[in-house]
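Q: These two chains come separately, so use the hints to put the complex back together.
Sequences listed follow chains A and B, in order. Here my numbering is used: position 104 in the first sequence is 111, and no number is missing along the way. Here my numbering is used: position 47 in the second sequence is 186, and no number is missing along the way.
One or more of the hints may lead you astray.
[Claimed, not checked] Residues on chain A that point at chain B, a partial pick, calculated with CB under 8 Å: (1) Glu89; (2) Asn108; (3) Gly115.
[Stated by the list, open to error] Derived list of chain A stretches under chain B, where covered just means 3 residues or more per stretch with a C-beta under 8 Å from a C-beta of chain B: (4) 57 to 63; (5) 75 to 83.
Hints in this document: simulated from the structure, not taken from any laboratory. The beta carbon of each residue, even a glycine, is placed where N, CA and C say it ideally should be.
Here is what each chain is made of, one letter per residue.
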Amino acid sequence: KAGVTQTPRYLIKTRGQQVTLSCSPISGHRSVSWYQQTPGQGLQFLFEYFSETQRNKGNFPGRFSGRQFSNSRSEMNVSTLELGDSALYLCASSLAGPPYNEQFFGPGTRLTVL
Amino acid sequence: TQLLEQSPQFLSIQEGENLTVYCNSSSVFSSLQWYRQEPGEGPVLLVTVVTGGEVKKLKRLTFQFGDARKDSSLHITAAQPGDTGLYLCAGGTGANNLFFGTGTRLTVIP
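In isolation and in its complexed conformation, chain B is listed as follows (with noise of 0.2 Å):
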């Protein structure tokens, strides 16, 4: 089984602060994805990087994928109270399904 660690695990930060969430693996993954879950929703798919090392960026949102493809970071620079939810980052495998990390769990206070 492919495990993906995320930390941290919870964060809570002010209205306008920048934050960065980890998803590490031991494991190299053919793609990694990045979701958005609220809650009584379903994740919602945030970005796929599939080259190590590839950056990718979605407004204030910044994803990379390790050279190594085992780890991933997202970035968040002036978070806003929308940005408030349940990070999951996700790795491919040859097969069609996911892997998911653990979660970060992201409280953005007015």
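Isolated chain A (complex conformation) (with noise of 0.2 Å):
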């Protein structure tokens, strides 16, 4: 069974551009989840999309973005980049919820902005 994939792998903007990531889950899997990673503030949640509802939001601006197409695949969207939105996106997909809330996460998309 193939496992996420993301795309683009690596992407460089610049201020003030907007961005679009692309994850898709493995198969069956109807949840994806977002996240943010970097040095100093390590694995940061953004949203969680399930049946093309978002069900959780974390704690960040609303320049970050989502959707989940009836396919289960996802975008993430930031507009209006930051030079501190630098990261890697990561995608997890799950299968089973609560209580044992197991993710699967994709390779990431390395963003850096100039």
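A: Right, dumping it as structure tokens:
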């Protein structure tokens, strides 16, 4: 079974631009979560989508948004990029929810904002 | 925000030594996962524990969930260079999102 895939793997943008990242979950997984990983803050939860609906949201500004399609693929968008948005953006899919909360991560998209 | 503190933050040991990584919180979690992440890749799930006091073994790795489900430990016996990586604990709640620990970067020197 194929794992979680993310595209693109690397991205360079300038301040003020917007960016869209894509994630394809493991086949059969309906929940997709997004995380931001930085050296200073570690891994932080952005949001989770299940059946095309945002089910949970972390503590990030409204510039960060996402959506999920009927085939469970998900995209996240960051508008008006800031230098501090430079990070590894990870997508994770899951089959079973609480209490196990097991999530399977993709390789991430490395975003650099100049 | 549920905070998970891991210790130590960095660990450098010789091949064959034993080590323990700790993951502590003041919050109760419904589950606790341990992940290992290598440079340029996403975290890979190692184990999930859900019952207070639960102990799971995965070859040379032993995972324990605290009785109160607030803390966990990862013990590696006879570490090998292939164990090198960033170890992350993550706590699960009633919602399907994880709160990640601060991470322990392990280097095993041949």
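Q: Under the constraints set out in the numbered hints, which ones does this structure not fulfil?
A: Result: hints 1, 5 break, sorted rising.
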